[in-house]
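In the order they appear, the protein sequences are chains A and B. Numbering of the first sequence is given in my numbering, commencing with residue 1181 and proceeding in unit increments. Numbering of the second sequence is given in my numbering, commencing with residue 226 and proceeding in unit increments.
You may find that some hints are simply not true.
Using 25 angstroms as the maximum straight-line C-alpha spacing, the simulated DSS-like pairs for lysine-lysine come out as follows [what the hints assert, rightly or not]: (1) A:K1353 to B:K386; (2) A:K1306 to B:K386; (3) B:K327 to A:K1319.
Have a look at the derived ranges for each label pair, beta carbon to beta carbon [unchecked claim]: (4) A:T1269 to B:A316: 34 to 44 angstroms; (5) A:K1357 to B:A331: 31 to 41 angstroms; (6) B:G360 to A:G1282: 46 to 56 angstroms; (7) B:G344 to A:P1272: 13 to 23 angstroms; (8) B:S277 to A:P1233: 34 to 44 angstroms.
Example chain A residues on the side facing chain B (calculated, C-beta under 7 angstroms, incomplete) [stated by the list, open to error]: (9) F1235; (10) D1236; (11) W1263; (12) E1322; (13) G1326; (14) L1328.
Don't read these hints as lab results, they were simulated from the structure. Because the structure is a prediction, the values reported are computed rather than measured. Built from N, CA and C at the ideal position, the CB exists for glycine as well.
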Amino acid sequence: MQPFRASSIPRRSRQSRRWIGYGLVLLSAMAVPLYAATAPTHARTDFVGRAAPSFDRVDLEGKRVELSAYRGKVVLLNFWATWCGPCLTETPVFVSWQKQYGGQGLQVIGISMDDDAPPVRRMYRKYRMNYPVAMGDAKLGELYGGVLGLPVTYLIDSHGKIVRRYEGAVDLKELEKEVQGLLGKR
Amino acid sequence: MKSSFTRFAAALVVLILLCAACPGANAQASPASRIPAADLLQPLELVKILQSSNSDSKKEKPLLLQVGSLVMFEQAHIPGSEYAGAGGKEAGLRSLKERASKLDRAQFVVLYCGCCPWGKCPNIGPAYQQMRSLGFTNLKVLYIADNFGADWVDKGYPVTKGQ
C-alpha cells in the first residue's frame, strides 16, 4: 500500500478542499453569535439608578418584610444561601454593621436563595443574625433581574433607589464606605 | 506541662481530622479543582456541541444535568437540561444517583452548576465524583468561572426558565 502523501492529491482538489474548510470555519464562527442572539438575556446592571423593586415577604420569625416600609433608611439587600461560602464570610460583617449602624438608619435585609428553610434557620441562629431574613424564590430573583450566582448585594438609598449592585464577594471596606456615605446624606 | 501541651495538640489534630471527615465537609472533600482538566468544557465549546447536535441528528446530544440550586434553575437554565439535585447535599446526591440509574453508563452527560465561583462551588465536585464512581465514561463538566449569570446568561447563550 502506498503511503499517503499530500502531493498525491491534485493541486486543484487540495485548493478546493482548503476553501471548503475555510468556509466551514467561517460558517461556524457566524453561527455561534446568531444562535446566541436568539436567547433572552438579563440586563441586571440596568437596575442601578432605578427604584428598587418592591416586595412583601414573611421573615424567619414570622414578621412581615415589606421593602417600602424601610423608606427613609439605607437598605443593604443581601441575596445569599447557606451553601455559598463567600456569603457566609459576609454574614458576620453584616451582623456587626446592623449593630453598629442600625441606630444611624441602616437596615440589612437577607434573602436566602436556599431551596428549603431548615438550613437557613440553623444558620440564622448560629450567626445570631440581627436583621430580617426571608426565603427567596425564582420570582423574587427575577424581580431583581435574575439572581444567578451568589452572593448578590444591593445598596438602596433612603429614597428607595438602587445605588450599587455587587455580584460575588463584596469588597467590604469599599461597601462600608458607601454605607457610611449614604447614612451621612440622610 | 510539655506533655499536657502535646496531648492538647494531638487532641486538636484528631478533632480537625474528624471534622474533615464529617458529612458537612463533603464539598471540601471533592472540590471543583479536583476535576481533571480533560473533563471540563468551556461554555462556548458546549454551545458549539449543542448547536452541532441540533443541526446534525447523527451527533450525540449530551444529557445536561444541573446539579446546583433549584431556585436558580427555575430562574434560568440551559434549554433541555434537567434539575438533578444539589451535589453538595446528601439528598441532592441521592436524587442524582436515582436519575443516573436510568441511564446508559456510556451516555454523553454534561454536569453544570454555576451557583458560585468555580473554586467555591459546593456542588459540582461531589456530583462529578459520584457520576464517575457510578461508572459514567463519557462525562463532562461545564466550567463556569464566576457564575451562571455572568458566564452563560450575560454571554447571550441560550437559556430558558421554569422547571
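Broken hints, by number | Result: hints 1, 2, 3, 4, 5, 9, 10 break, sorted rising.
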